[in-house]
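Undergrad: Letter by letter, the chains look like this.
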Amino acid sequence: MRTLIFAIGLLLLQSCSKAPKEIHVGFIAPLSERATDLGIAPSKAMELAVEEYNQNKPEQAPRIVLHLCDDQWSKENALPCYNQLKNDHNIQVVFIGNSDGTLAIQESIERDKVIAVNPINNDNLLSSLNANTFKIAKTTEEASSIIGIRIIELGLKNVLLMNYPNDFMRRATRSVTSLLQERNIPYRVIETPKGQTEFSNETQLAVQQGYDAVVFFGYKEFGFAMKEFREAGITARFFGSTVLLDPLYFTNSDGHIIGTECTFFTQQDGNYVLAENFLTNYHNKYKNRPVSVWPVLQSYDAMKIVLDQFKEYDEATAEHDFANWLRSRLLNVRRFRGVCGNISITHDGSSRGIYFSLYKYQAKGTLVKLNN
Amino acid sequence: MRIGGKLKWAFGIILFMLVGEILLSIFINKNAKESYQYLHGLILPSQSTIQQIQSTNTELQLLLQHRLFNKSLREINRIKVISEVELPVLSSDLLLLRELDVNEKINQTILEINRKVKEQILISAKINRLLFLELDYQDEEKLSEIRSDYNNFILPNSTKIKHLLSQLEMEFTRLLNESEELNRSKLKFLTNTLIISGIIVIIFSLYVTFQTIRSITKPIEILKSHVAQIENGKFNTSIDLPTKDEFHELGLGITRMAKKIDHSFHKVKLKTEEAKQFTYIATHDLQEPMTSLKSFIQLLKTYFQPGNEGAEKCFGYIDGTLDKMSTLIHGLMEYSRVSNYQERSKIDLNKLVHSIKDEVSLLLHECKGNIAILELPKIIGNEQSMHLIYQNLITNSIKFRSPDRPLRIEIGVFKKDGRNIYFVKDNGIGMGKQHQGKIFELFQTLHNEKAKIGVGIGLSQTKKVIQEMGGEIWVESHLNAGSTFFFTLG
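Those protein sequence lines, which keep their order, are chains A and B. Per our numbering, the first sequence starts with residue 1, numbered consecutively. Per our numbering, the second sequence starts with residue 1, numbered consecutively.
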């Protein structure tokens with residue numbers, strides 16, 4: 001009898017002291033080198049989302065632990081980062097912003113039954129990947145096409161497009177050139193190698209060709225190109241991608257970035273009140289405001305959407321096949337009221353509801369919305 | 001039925017009725033919960049969805065109108081949000097209501113709305129796409145096509161959707177009212193049922209409880225009255241309870257026990273009578289030959305010449321022995337009479353003890369003794385018995401007084417454990433512990449020949465009288481220091 005009571009007591013003690021389930025989530029992000037505005041601030045936004053979730057989660061819901069890995073915005077680092085996170089922390093969900101990196105880890109996530117979420121880009125190619133990949137972000141092609149439309153609208157006739165050699169920038173370039181082709185507007189595309197900081201050949205070409213529009217679909221190195229172009233007397237309108245607010249872009253361009261038009265997303269384009277509230281919380285926690293708002297807002301929403309599923313964590317089903325459980329839940333996300341807007345996830349894992357607008361670089365670190 | 005069975009049945013019935021009441025209550029709760037869920041899980045969300053579609057549809061129409069006639073590009077993203085996220089989701093939400101299969105009319109209306117919304121989404125997306133540039137507004141052909149789309153599809157569709165949604169809303173409002181009315185009447189009926197059944201349960205439970213208690217207390221009352229009769233000496237009582245439970249068995253047992261007691265009492269009575277008869281015969285019949293013997297001895301004395309020392313001595317012994325025998329027979333007669341003192345009356349013990357003090361005043365005077373009588377109570381008892389008790393104890397103190405000091409007797413009473421304890425205390429010769437247990441036995445006297453006075457009847461007679469009254473007597477004594485006799489009365 002005593003043994004029985006002891007055993008029951010032990011069982012009760014064990015059940016009382018049972019540690020809450022923990023789920024490890026990874027974020028492969030550029031924390032150094034390049035496109036850090038897509039990594040540092042977004043990782044803080046994710047930390048904030050996780051913190052809010054852990055503090056307010058239902059009792060039965062698992063605790064979430066976020067782990068970061070710096071891929072330096074290079075697809076070569078994506079898989080090592082993923083392996084490190086998987087081996088060290090047994091992550092079950094991975095966030096990754098780099099489109100090439102997302103492609104690089106496809107086989108591994110399918111093998112490991114890990115759910116991948118891209119909180120930065122959402123393009124056609126990514127949407128055709130395996131069923132474990134979700135894209136909670138703006139549509140790359142759609143956002144970039146705004147530049148093409150703007151060029152047509154302004155009646156510009158000779159366009160130079162320079163793009164960084166990655167899938168995202170190539171895709172952005174293609175979405176512009178397809179529009180230009182429709183309107184028979186001549187254009188030229190130059191893909192520069194990684195790390196190029198000297199653009200004398202391109203400058204010379206631009207002077208010779210008399211381009212009235214130059215599109216810079218790349219990162220901070222293109223700041224040097226902007227500077228060289230302007231110093232060479234080129235007065236063409238400048239257009240850029242979604243990453244113009246990288247402070248080094250301004251520095252490298254020596255201020256010539258001002259006046260560049262780009263597609264962007266701020267709280268004005270999303271659920272303004274929620275977004276402002278989030279940015280205030282962000283400021284209160286980190287004592288600064290993110291330079292580039294859209295990656296932060298998108299990352300926060302992407303993480304919140306995933307965390308929202310854990311609030312109704314079904315241990316029996318999830319333990320058996322976590323990826324399947326989370327996938328089916330994410331595919332049913334409809335009108336999630338996020339900071340970016342009301343977001344739905346479609347059958348192919350891509351999201352709808354985040355729409356970029358046209359902005360103009362007005363002063364250092366400041367963009368203003370056009371067509372407002 | 002046995003008592004255990006009765007109680008089990010009674011509790012079982014009450015429990016069963018309570019369980020029934022609880023089940024009914026659960027049923028009512030469940031019913032109310034289902035009704036609430038029906039209202040809040042179906043009708044109210046449906047109305048909310050309808051209202052959202054209504055407002056979103058109107059917003060879309062106005063946005064498109066603005067884009068078309070005010071050449072505005074600002075609404076592009078909002079139209080995208082409506083046509084890509086909000087309307088598809090709301091429309092699919094509405095479609096889900098069909099699965100509930102409320103009625104065919106609603107299902108048809110939902111399908112029609114869904115179809116119209118899809119058309120609206122497609123045309124909106126087309127207009128949004130075609131009017132992307134300011135330049136597009138300069139293309140009259142394109143503009144004309146778009147206006148045609150707007151006038152021929154968007155406007156009529158929007159009106160149709162509004163109309164269908166209003167119909168649907170009315171239908172759901174009707175359902176809501178019907179459902180609320182039905183729930184109200186259903187809940188009222190169920191609540192009334194619960195109250196009435198509750199009252200029935202209470203009344204029936206009270207009846208069952210009363211009957212069960214009565215079936216137990218009634219035999220107890222009967223048994224109690226019979227036991228009282230037995231207590232008063234009516235042993236020929238017969239208890240035959242009409243039930244077949246333990247009380248019936250108990251009644252039969254008590255009847256049997258009473259009969260046995262009656263039989264034993266009868267036997268004891270006979271034996272007592274026999275003993276009395278024997279004592280009477282022994283004492284009375286022995287007295288007579290004793291008297292004859294004494295007469296013959298007196299006659300025999302006359303045949304002897306005076307001066308015959310040996311004969312005189314023998315006659316002296318014979319007289320002494322005969323006197324002693326006579327005293328013993330007399331004592332035995334007195335002792336046997338004790339049980340005849342049965343008459344009870346109110347006795348003032350102060351008065352009684354003072355009268356005894358007067359009776360023995362001569363003896364007291366001779367031995368220069370004194371009796372101190374403390375305050376004594378008035379009691380109900382047999383006066384003869386009380387007289388005998390105090391007379392024997394006082395006489396005893398006088399008999400066994402000390403030659404070394406004047407006799408002092410103290411008579412009183414004190415309370416202990418709620419009982420009156422009476423005492424008679426003297427400063428006589430006292431006795432050792434070895435004698436204290438024997439002095440109440442018949443014909444037992446102190447072995448100290450010097451102090452041997454009496455025949456040993458008084459104290460045993462006193463003890464018998466006290467025991468007859470249901471009391472007890474004991475002594476505390478120290479040699480040469482005196483004795484105290486304590487006694488209680490039943």
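Be aware that one or more of the hints could be misleading.
One side of the interface only, derived from the structure: several residues of chain A facing chain B at Cβ under 8 Å [as the list claims (entries may be wrong)]: (1) Ile149; (2) Ile152; (3) Ser328; (4) Gly341; (5) Asn342.
FYI, nobody ran anything at the bench for these hints, they're computed from the structure. Computed from a predicted model, the values in this text were never measured in an experiment. All C-beta atoms in this analysis are idealised placements derived from N, C-alpha and C, irrespective of residue type, glycine included.
Undergrad: Interface hint check: serine 328/A, Cβ to nearest Cβ on chain B, cutoff 8 Å. Holds or violated?
TA: With Cβ-Cβ at 16 Å, over 8 Å, it is violated.
Undergrad: Less than 8 Å between beta-carbons is the criterion; does isoleucine 149/A satisfy it with respect to chain B?
TA: holds, 5 Å
Undergrad: When the nearest CB of chain B is found for asparagine 342/A, is that gap smaller than 8 Å?
TA: At about 5 Å, which falls below the 8 Å cut-off, the nearest Cβ of chain B leaves the hint on asparagine 342/A intact, so it holds.
Undergrad: Does glycine 341/A meet its interface restraint, that is, does its C-beta lie within less than 8 Å of any C-beta in chain B?
TA: holds, 6 Å
Undergrad: Taking 8 Å as the limit, does the beta-carbon of isoleucine 152/A come near enough to a beta-carbon in chain B?
TA: Where the cut-off is 8 Å and the nearest Cβ of chain B is about 6 Å from isoleucine 152/A, the hint holds.
The structure does not agree with numbered hint 3 stated previously, though it agrees with all others.
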